[in-house]
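Trainee: Input sequences plus hints: build the corresponding full structure.
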Amino acid sequence: MNSYEEKLKAIVGEGNYFKDHEDLLCYSYDATYLTGKTPSIVLFPTTTGQVSEIMKVAYAEEIPVIPRGAGTCIAGNYMPIDNRTIVIDLKRMNKIVEIDRENLTATVEAGVITLDFSQAVDKMGLFYPPDPSSQKNSTMGGNVALNAGGPRGAKYGNTLAYVLGLEVVLADGRILKTGSKCLKQSSGYNLAKLFVGSEGTLGIVTRVILKLLPKPEAKKTMLAIFNKLDEAAQAVSEIIAGGIIPATLELMDNKMIALVDQFKPTGFPLDAEAILIIEVDGPAVVINDDLNRIIEICNRNGVRTTKTAQNVQEAEKIWEARRSSYGVFTRAAQNVLTEDITVPRNKFPEMMRRIREIADKYQVNVVCVAHAGDGNTHPAILADLRNEDEKERVEKAMEETALAGIELGGCLSGEHGIGVVKKNWMIHEHGAVGLATMQSIKQALDPKNILNPGKLWNQEDLKASK
Amino acid sequence: MKELISYKDRAFKCVRCGFCQYHCPVYTVTGFEPLVARGRLEVVKAGFDGRMTGFSEKLMKRMNQCLLCGNCTQNCPPAIETDKIVEACRAASIKENGLPEQLKSVQKNISEVGNITGDQRANRMLWLKNIEAGLEGVKVNRPAEYAYFAGCVPTLYPSAYNIPQSFVRILKAANVDYTLLGEEENCCGYPLAVGGLPEDALKVVKKNIQKLKDLGIKKIVTSCPSCYHMWKEYYPELLGKETGIEVLHSTQLLAGLASEGKLKFREMSWTVTYHDPCDIGRKSKIFDEPRDVINSIPGVTLKEMKFIREDARCCGGGGNLEMSDPNLSGLVARDRVKQALETGAGIIVTACQQCKRTLQTGVRLSRSRIKVMDICEMVAEALMGESNR
Chain F
60 MNSYEEKLKA
70 IVGEGNYFKD
80 HEDLLCYSYD
90 ATYLTGKTPS
100 IVLFPTTTGQ
110 VSEIMKVAYA
120 EEIPVIPRGA
130 GTCIAGNYMP
140 IDNRTIVIDL
150 KRMNKIVEID
160 RENLTATVEA
170 GVITLDFSQA
180 VDKMGLFYPP
190 DPSSQKNSTM
200 GGNVALNAGG
210 PRGAKYGNTL
220 AYVLGLEVVL
230 ADGRILKTGS
240 KCLKQSSGYN
250 LAKLFVGSEG
260 TLGIVTRVIL
270 KLLPKPEAKK
280 TMLAIFNKLD
290 EAAQAVSEII
300 AGGIIPATLE
310 LMDNKMIALV
320 DQFKPTGFPL
330 DAEAILIIEV
340 DGPAVVINDD
350 LNRIIEICNR
360 NGVRTTKTAQ
370 NVQEAEKIWE
380 ARRSSYGVFT
390 RAAQNVLTED
400 ITVPRNKFPE
410 MMRRIREIAD
420 KYQVNVVCVA
430 HAGDGNTHPA
440 ILADLRNEDE
450 KERVEKAMEE
460 TALAGIELGG
470 CLSGEHGIGV
480 VKKNWMIHEH
490 GAVGLATMQS
500 IKQALDPKNI
510 LNPGKLWNQE
520 DLKASK
Chain A
4 MKELISYKDR
14 AFKCVRCGFC
24 QYHCPVYTVT
34 GFEPLVARGR
44 LEVVKAGFDG
54 RMTGFSEKLM
64 KRMNQCLLCG
74 NCTQNCPPAI
84 ETDKIVEACR
94 AASIKENGLP
104 EQLKSVQKNI
114 SEVGNITGDQ
124 RANRMLWLKN
134 IEAGLEGVKV
144 NRPAEYAYFA
154 GCVPTLYPSA
164 YNIPQSFVRI
174 LKAANVDYTL
184 LGEEENCCGY
194 PLAVGGLPED
204 ALKVVKKNIQ
214 KLKDLGIKKI
224 VTSCPSCYHM
234 WKEYYPELLG
244 KETGIEVLHS
254 TQLLAGLASE
264 GKLKFREMSW
274 TVTYHDPCDI
284 GRKSKIFDEP
294 RDVINSIPGV
304 TLKEMKFIRE
314 DARCCGGGGN
324 LEMSDPNLSG
334 LVARDRVKQA
344 LETGAGIIVT
354 ACQQCKRTLQ
364 TGVRLSRSRI
374 KVMDICEMVA
384 EALMGESNR
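Chains F and A supply the protein sequences, listed in that same order. When we follow the working numbering, the leftmost residue of the first sequence carries the number 60, and every step to the right adds one. When we follow the working numbering, the leftmost residue of the second sequence carries the number 4, and every step to the right adds one.
In short, the hints are calculated from the structure, not lab data. Mixed in with the good hints there might be a few duds.
[As the list claims (entries may be wrong)] Far from chain A, some chain F residues (derived; all Cβ distances over 12 Å):
#1 D79
#2 E81
#3 W378
#4 A391
#5 H487
#6 G490
[Said to hold, decoys possible] Between beta-carbon pairs, the in silico distance windows are:
#7 D330(F) to E99(A): 50 to 56 Å
#8 V344(F) to E240(A): 57 to 63 Å
#9 P273(F) to P201(A): 44 to 50 Å
#10 D320(F) to F310(A): 27 to 33 Å
#11 Q178(F) to K265(A): 40 to 46 Å
#12 D181(F) to N178(A): 48 to 54 Å
#13 E245(A) to N446(F): 38 to 44 Å
#14 G53(A) to D330(F): 45 to 51 Å
#15 Q321(F) to E313(A): 18 to 24 Å
#16 A317(F) to P239(A): 55 to 61 Å
#17 G243(A) to A277(F): 55 to 61 Å
Quick caveat, the model's predicted, so the values are computed rather than measured. By construction, the Cβ of each residue, glycine as well, lies at the ideal position given by its N, Cα and C atoms.
Mentor: Structural data, given as structure tokens:
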């Protein structure tokens with residue numbers, strides 16, 4: 060063990076320091092289809108002070124550092140690219156510090172699990188809306204780092220909408236405390252928001268102050284079955300244009316319906332091209348009215364049938380098919396690659412068409428699910444990447460889909476982030492000035508480029524644009 | 004890693020979604036990736052693709068830090084049986100590196116005296132001799148409707164005596180025709196089967212089945228979930244055919260007796276929660292019977308924990324973890340006790356001597372005020388006429 064490793068060990072203590080090869084292998088990946096480099100050390104600090112001391116050592120020695128939550132990101136956002144990497148795993152900093160009912164805020168440590176937090180809040184009659192599919196595992200710090208969303212994003216937005224303040228350890232080990240419990244903050248640069256979605260490249264988030272909402276009075280779930288995918292997508296667009304914002308508005312295409320049905324019969328018609336799951340919440344009087352208007356719009360767009368769940372069990376049954384999507388994909392294919400292109404909502408029907416066309420062009424098996432209400436598509440590519448030819452076609456299709464989204468005024472990611480998977484396309488979305496501005500911020504906060512290096516954008520693109 | 008070749012494709016089906024994390028009791032208390040299914044499978048994959056070679060001491064330490072509770076398998080999107088793969092790693096490591104000391108003595112004891120501790124056979128009956136008056140005429144090694152297979156731990160560890168003692172009291176009260184196997188009872192073979200010694204396990208299996216055949220007995224009942232799981236699942240698997248013997252867990256027999264009105268209870272003012280043992284719960288789907296038994300006792304309120312039935316978290320005693328890493332086992336037990344305390348119950352009822360023991364450790368470690376009982380103990384205590392005992 061060399062001298063800086065001795066120092067790191069002394070900071071976190073025995074039992075919070077791991078360096079055996081067998082253990083480190085388990086920190087070479089996240090939930091992405093790629094495998095990264097095996098890091099050199101994994102540390103489990105238990106206080107912000109320890110994180111700060113670790114960063115001082117790493118800064119002095121110029122060793123790359125990646126903060127880690129549950130490792131459930133799917134764009135290679137965590138994945139180490141350097142064997143010297145020090146991993147700071149924040150899972151043992153997992154206290155819900157406070158739920159402040161008077162101010163409708165909460166303060167949590169970075170390692171708190173999303174679902175544990177939303178359940179604790181729910182018990183007090185309050186509401187924390189972000190609900191990423193990984194909520195049973197993902198951590199609040201990870202949610203901040205990737206600006207996580209979920210089905211409820213359609214109405215309630217991503218994590219960004221809830222972050223009021225942060226405690227962040229900077230690259231050189233200094234501790235930044237920024238923001239407060241105030242809902243309105245017009246007090247210089249909003250540094251807390253700057254760190255949201257920064258993927259661990261600007262600092263290490265150790266504590267978060269979050270905004271909470273009162274729990275909505277009522278909720279209703281409905282199902283709309285469409286003969287044509289186009290008509291379903293058009294209905295989505297018109298619902299939004301009609302000024303109705305459902306809490307969730309999910310779309311599944313017919314491939315998805317057929318796959319789910321193979322594992323567990325759903326009772327959904329297999330010849331329908333698309334199904335929408337729509338959930339409205341709010342005051343009981345308002346949501347009934349909303350539902351009626353939604354049904355009207357669906358009817359106008361050639362819906363085959365609509366069905367409103369009469370009770371919680373029926374609503375659960377509707378959701379079951381959507382929730383099982385990931386499991387079904389993984390059983391059907393060796394690799395599952397999920398894209399996250401998000402487009403302006405009136406471009407949603409066009410984006411869905413483009414996805415299908417590109418899949419056909421490259422002969423790739425694409426299944427479409429989408430958080431349709433916020434224009435967030437999740438085409439899932441089912442592939443076997445051990446097959447070189449297929450791998451190449453998949454990569455081409457992914458790139459072309461990404462560029463099509465950008466062409467429609469969209470962005471590369473609605474909630475998964477960029478990581479390494481999408482970094483080569485960033486120049487197309489943000490342009491030379493956009494990337495140079497990001498680089499300036501990175502340079503100011505992490506001059507030695509030790510925080511999660513190699514992510515977000517391609518350094519070559521930056522040079523080329525100068 | 005060559006021995007694991009039949010598991011290769013399955014391991015590579017892991018898409019690393021990480022959904023196993025939430026369901027793994029060991030990961031919940033450690034947050035340590037090498038201890039969750041995704042990490043375990045990554046190491047197995049690394050063995051195949053050359054990032055790692057052989058079963059190192061560290062690797063086997065990690066593989067032994069698994070409860071084999073099967074909660075990850077049940078919730079795995081691509082349905083990978085990580086518990087089976089961990090078992091296979093343990094078995095393959097024995098082939099490569101030889102038996103660990105603890106297992107060597109278990110193997111020797113079972114083959115020489117038919118139990119895990121190495122006690123002389125006569126000691127199998129101490130628990131019965133220890134019982135208070137009233138059980139004269141218990142059949143031992145004689146034909147009967149049921150053989151009560153009492154198991155090694157309940158008959159050889161005095162702290163667990165109360166479970167078989169309670170069970171025979173209930174059987175007597177309900178007039179059930181049963182026999183004990185006494186000195187001639189043999190270990191069911193479970194520690195051999197999960198320890199990676201299937202050939203040794205098979206010898207025991209054959210011996211136990213022959214014993215019942217000799218007595219003309221077609222049904223056994225056991226109060227030990229591991230014995231139950233062994234008889235029910237592993238026996239046919241090891242034999243390659245059905246055993247022809249009906250196997251009941253004590254909770255199933257008790258539920259039947261209660262519904263037939265053969266158990267007369269006093270009114271008890273207990274608030275209890277029920278902990279599902281993995282071996283009869285998730286692995287054998289015996290969920291309703293123990294709850295029916297609890298609910299049949301007048302005055303008893305059952306308050307359920309957050310994770311129950313299929314989702315129940317292991318007590319910390321599965322997979323020989325208590326033997327290989329008592330600290331980790333204790334952490335898991337504390338977490339389960341915490342879930343029990345959240346219900347407000349005063350008693351944790353379970354249906355397994357190992358769960359009872361591990362949960363008691365959890366109670367001790369967390370300095371909690373909650374009692375732990377086996378369901379047999381609970382039923383016996385609530386029986387009419389037992390109040391002055």
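Trainee: Note whether the CB distance of G243(A) and A277(F) lies within 55 to 61 Å or breaks it.
Mentor: Cβ of G243(A) to Cβ of A277(F): about 58 Å, so the range 55 to 61 Å holds.
Trainee: Minimum Cβ separation between G490(F) and chain A greater than 12 Å?
Mentor: Consistent with the label, G490(F) stays out of reach of chain A, its closest Cβ about 34 Å off (over 12 Å).
Trainee: Note whether the CB distance of Q321(F) and E313(A) lies within 18 to 24 Å or breaks it.
Mentor: 22 Å, holds
Trainee: Is the gap between the beta carbons of D330(F) and E99(A) within 50 to 56 Å?
Mentor: Since D330(F) and E99(A) have Cβ atoms about 55 Å apart, the given range 50 to 56 Å holds.
Trainee: For A317(F) and P239(A), compare the CB-CB distance with the range 55 to 61 Å and indicate the outcome.
Mentor: Cβ of A317(F) to Cβ of P239(A): about 36 Å, so the range 55 to 61 Å is violated.
Trainee: Has the hinted range 40 to 46 Å been met by the Cβ atoms of Q178(F) and K265(A)?
Mentor: At roughly 42 Å between Cβ atoms, K265(A) and Q178(F) fall inside 40 to 46 Å, so the hint holds.
Trainee: Check the following: the C-beta atoms of D320(F) and F310(A) are separated by a distance inside 27 to 33 Å.
Mentor: 29 Å, holds
Trainee: Looking only at beta-carbon atoms, does the pair G53(A), D330(F) fall within the given range of 45 to 51 Å?
Mentor: Given about 48 Å between the Cβ atoms, the range holds.
Trainee: Return holds or violated for the Cβ distance of E245(A) and N446(F) against the range 38 to 44 Å.
Mentor: 43 Å, holds
Trainee: Mind verifying the non-interface call on A391(F)? Its CB should be farther than 12 Å from each CB in chain A.
Mentor: 9 Å, violated
Trainee: Do the beta carbons of V344(F) and E240(A) sit within 57 to 63 Å of each other?
Mentor: 60 Å, holds
Trainee: Determine whether the non-interface label on W378(F) survives the test: each CB of chain A must be over 12 Å from its CB.
Mentor: Check passes; 16 Å lies beyond 12 Å.
The structure fails to meet hints 1, 2, 4, 9, 16 from the earlier list, while all remaining hints are met.
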